[in-house]
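Student: Sequence:
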Amino acid sequence: MIEKNEEYILEIVAQGYEGEGIAKVEGYPIFIQGALIGECVRAKITKVKKSYAYGRIEEIIDISKDREEPKCTNYKRCGGCSIQHMNYKKQLDFKWDRVKDCVSKIGGLSKDIVNYPLGMDSKPYRYRNKVQLPIGKVNGEIVIGFYAPRSHNIIDLNVCLIQDKVADNVANLTKKWIKKNNIEPFTLDGEFNPKGILRHIMIRRGFKTGEVMVVLVATTEKVPYIEEFKEIILENIEGVKSIILNVNPNNTNVILGEKCITLYGDDTIQDYIGDFKFNISPLSFFQINPIQTEVLYNKALEYAGLTGNETVFDAYCGAGTITLFLSQKSKKVYGVELIEQAIINAKDNLKENNVDNVEFFVGKSEEIIPKLIEDNIKADVIVVDPPRKGCDIKLLEAIGKVKPLRIVYVSCDPSTLARDLKILENQGYQTVEIQPVDMFPQTSHVECVVKLQRKL
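Residue numbers (numbering that gives the first Met the number 0): 0 to 455.
Any given hint might turn out to be false.
Stated by the list, open to error - With a straight-line Cα cutoff of 27 Å, these simulated BS3-like cross-link-like pairs (lysine-lysine) come out:
id: 1; residue 1: 129; residue 2: 89
id: 2; residue 1: 276; residue 2: 258
id: 3; residue 1: 400; residue 2: 330
id: 4; residue 1: 276; residue 2: 330
id: 5; residue 1: 129; residue 2: 350
id: 6; residue 1: 258; residue 2: 350
id: 7; residue 1: 70; residue 2: 240
id: 8; residue 1: 129; residue 2: 75
id: 9; residue 1: 393; residue 2: 377
id: 10; residue 1: 328; residue 2: 370
id: 11; residue 1: 207; residue 2: 346
id: 12; residue 1: 122; residue 2: 75
id: 13; residue 1: 104; residue 2: 88
id: 14; residue 1: 75; residue 2: 46
id: 15; residue 1: 328; residue 2: 207
id: 16; residue 1: 110; residue 2: 99
id: 17; residue 1: 330; residue 2: 370
id: 18; residue 1: 240; residue 2: 258
id: 19; residue 1: 346; residue 2: 276
id: 20; residue 1: 43; residue 2: 89
id: 21; residue 1: 207; residue 2: 350
id: 22; residue 1: 331; residue 2: 240
id: 23; residue 1: 370; residue 2: 421
id: 24; residue 1: 23; residue 2: 64
id: 25; residue 1: 454; residue 2: 393
id: 26; residue 1: 370; residue 2: 393
id: 27; residue 1: 240; residue 2: 207
id: 28; residue 1: 346; residue 2: 377
id: 29; residue 1: 110; residue 2: 88
id: 30; residue 1: 276; residue 2: 122
id: 31; residue 1: 377; residue 2: 363
id: 32; residue 1: 331; residue 2: 346
id: 33; residue 1: 370; residue 2: 346
id: 34; residue 1: 363; residue 2: 331
Simulated from the structure, these hints should not be mistaken for laboratory data. Remember, it's a predicted structure, so these values are computed and weren't measured experimentally.
Model the full structure from these sequences, guided by the hints.
Tutor: Put into structure tokens, the structure is as follows:
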């Protein structure tokens, strides 16, 4: 029996979905963060459950050829880049194996339909165009960074290698401003601080435009020394187009509140995906890896197989980014999104790009799309890009009734994707091809775009 706090010599025989190594003792799995398949490690057991345990590496006895020394000095403490200890080829292999495993075990499909992931051609660092950093106080010191794994303890970061350098600079300037003026943060040693004012600092930077948005998230509109903050940012950060105060007074894990006050410049910044220009507000969803977004969207457009004569439904359309790509080769596109602000942004983006063959609807896709069908609007192609939990079963049933020629499924979670593909297969569709795209290097996350064809 495995015992807590005891050390064991273990062979790593598998890789978990979060990138952790898995050892087995008489079939009993032990999850060890930072271990790679094929390695032999001396590990200390940190937690024991009935059906599994967790361990911590004390020594790597046999080192994998795929291991790489993490470039980030906070790698072991921060919860962000959980697979930075893998070289990039190994990261892509790991994500490929993960998608194939989910597709076969959950979806009951052949692994052969999963293509090798499309990785970044350039160095897989500094790719994030947006970051949201919690502000807190730990042992009396102001910290700005990321949460440690499975906790609300903030790891103070001066440099983050996957975010834009501008974000590093803004975060460090913000920290100095808070310290100088002794402003209380929202969290204190990982707990809610009733006197706290400052919650997060969010930074966006347009990849092609270079425009910068800085959003200070606070519990109140009355933030002391806010003019000084504005001046510091403008004096030290190039390309600032927008400085915004976002007000979130609620004791919640939700980062942004509904109210935004523009302190400087415009309410939005602009950036491009392909030839399309987008206005990005603090509340807008916009893909965080601009290089790989174009790869993903072009693949979705390829799988849609449009000739210019098709009617397309775009479910979970957000601010209309994929919708605009689809409009290039469609007769008509109908976009559906639950969040009203996203649709407002989407309509603005239509005007910005002079697109006239798109119509947007606010509401649940599983409710709006059946109504469109009742109004005798039928789709030749349906594109879905749901949140991590996957598609609502009502939407999948509605798609089955529409019977489009093709479905393009964009997913950020292989497990829920595989579940939904199984449902669509039972409704008369064949999963033709799955293309993973590495949107989030150094992390265990992987995006996929899938082509489904109606069985004749």
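Student: None of the hints should be skipped; say for each whether it holds.
Tutor: The hints, checked one at a time:
1. 129 / 89: Holds - the C-alpha atoms of residue 89 and residue 129 are around 26 Å apart, at most 27 Å.
2. 276 / 258: Since the Cα atoms of residue 276 and residue 258 sit roughly 25 Å apart, the hinted pair holds (cutoff 27 Å).
3. 400 / 330: 21 Å, holds
4. 276 / 330: 21 Å, holds
5. 129 / 350: It holds: about 24 Å lies between the C-alpha atoms, which stays within 27 Å.
6. 258 / 350: 25 Å, holds
7. 70 / 240: This hinted pair is violated, its Cα atoms lying about 32 Å apart.
8. 129 / 75: 23 Å, holds
9. 393 / 377: Roughly 17 Å between the alpha carbons, so the hint for residue 393 and residue 377 holds.
10. 328 / 370: 25 Å, holds
11. 207 / 346: 22 Å, holds
12. 122 / 75: With Cα atoms ~21 Å apart, residue 122 and residue 75 stay inside 27 Å; holds.
13. 104 / 88: At roughly 24 Å apart (the allowed maximum being 27 Å), residue 88 and residue 104 satisfy the hint.
14. 75 / 46: Satisfied, since the Cα-Cα distance of roughly 18 Å is no more than 27 Å.
15. 328 / 207: 24 Å, holds
16. 110 / 99: Holds: residue 110 and residue 99 sit about 5 Å apart, inside 27 Å.
17. 330 / 370: 20 Å, holds
18. 240 / 258: 19 Å, holds
19. 346 / 276: Roughly 12 Å between the alpha carbons, so the hint for residue 346 and residue 276 holds.
20. 43 / 89: It holds: about 25 Å lies between the C-alpha atoms, which stays within 27 Å.
21. 207 / 350: Holds: residue 207 and residue 350 sit about 20 Å apart, inside 27 Å.
22. 331 / 240: With a Cα-Cα distance of about 34 Å, the restraint between residue 331 and residue 240 is violated, given a limit of 27 Å.
23. 370 / 421: Satisfied, since the Cα-Cα distance of roughly 25 Å is no more than 27 Å.
24. 23 / 64: Holds, at roughly 22 Å.
25. 454 / 393: 21 Å, holds
26. 370 / 393: Given that 27 Å is the threshold and the Cα spacing comes to 12 Å, the pair holds.
27. 240 / 207: Given that 27 Å is the threshold and the Cα spacing comes to 14 Å, the pair holds.
28. 346 / 377: 22 Å, holds
29. 110 / 88: Roughly 19 Å separates the two Cα atoms, so the pair holds.
30. 276 / 122: With Cα atoms ~25 Å apart, residue 276 and residue 122 stay inside 27 Å; holds.
31. 377 / 363: Distance of about 18 Å is within 27 Å: holds.
32. 331 / 346: 15 Å, holds
33. 370 / 346: Roughly 21 Å separates the two Cα atoms, so the pair holds.
34. 363 / 331: Holds. Residue 363 to residue 331 sits at ~20 Å (cutoff 27 Å).
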